[in-house]
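Asks: This is what each chain is made of:
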Amino acid sequence: MQPLFDYTLRLADNALVLGHRLSEWIGHAPVLEEELALGNMGLDLIGQARSLYAYAGEIEGKGRDEDALAYLRDAVSYRNILLVEQPNGDFAATMMRQLMYAAFAYPFTTALAKSKDATLAAVAAKAEKEMAYHVRHSAEWIIRLGDGTEESHARTQAAADELWPFVGEMFEVDGVERELIAAGIAADPVPLKAEWERTLTRVLDEATIARPRDGWMQTGGRAGRHTEHLGHLLADLQYLQRAHPGATW
Amino acid sequence: MTEKNWPLWEVFIRTRNGLAHRHVGSVHAVDATMALQNARDVYTRRGEGLSVWVVPSNAITASDPADKDMMFEPTASKIYRHPTFYEVPDDVGHM
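Quick mapping for you: the protein sequence lines, in order, are chains A and S. Using our numbering, the first residue of the first sequence is number 3, and each one after it goes up by one. Using our numbering, the first residue of the second sequence is number 39, and each one after it goes up by one.
If we take Cβ atoms under 7 Å as the criterion, some of the chain A residues that face chain S in the derived model are:
no.: 1; residue: Glu-35
no.: 2; residue: Asn-42
no.: 3; residue: His-139
no.: 4; residue: Glu-142
In case anyone wonders, no lab produced these hints; they're calculated from the structure. The beta-carbon is built from N, C-alpha and C at its ideal position, and this holds for glycine as well.
Chain A on its own, in the form it takes in the complex (with noise of 0.2 Å):
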């Protein structure tokens, strides 16, 4: 069951992580409209991420809840990619960052719901209209900023150019993956490159954005290995729980 587990807990690390990120907005956010949309798609997220942690404490056994994953581990024990701890920076790195994952996930959860095993099956079933919006919400945004105003569009160019070595992290398979996916258990993340490539692309292009060149990408996080930026993160996150132990409403 520790593939099982591992694997569980990497994509709840994911979408908490990056849910977490987009509530940090909440209060921030450029226009009311906004502001909403984000907490709408943190929501989608953090939702995706309780299912899948309540999951993966069934799997393990030890008596570990949803909350005991998410406020009770410490970054090197947390397996999200890299790409979705980044900072917010300004709102163009975040609909960036958000466009660079919601177009991975999209497939990724159609793929997933086709999974043998049923719980993931079901929470990626209904992730997948969730990251479908997402794809929406951002590349209607990157486009709008990309082909804006000068400044726009430099900040966009910018953001597109700094996220970009994180993206390889997607589509890496290591001996985990690799036992599941011959199970049948987890999606392949592989062959889903090429609409990854054509979404980016296509959005890209109609926001008159330069597509990066692939280059060394950045790798380590579902090792344990983070940037710095997790540790601040959590300690955000996990600040009320580990102050007050067992804190309920």
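Position chain S relative to chain A; hints supplied.
Replies: Frame of chain A; chain S shown alone:
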């Protein structure tokens, strides 16, 4: 930062098939596509809708509240326009 506000759009939502779209409020957005997205995010968070329309607010011509008396008052005295003098058999149900 630009000082100019985004244009305003009126939002209409149809809650069920067969019902008409009802006005629910307004959003700011730069264009129709974004207005639709904003309307979705602002007004359908609790499963309110099956369909959303957005209309530029400046495309709506509205009656002036100051003209209320002239516009609507004269109908009040013409009770014969209200079909309340007919006996509707119980079996007919809602007409």
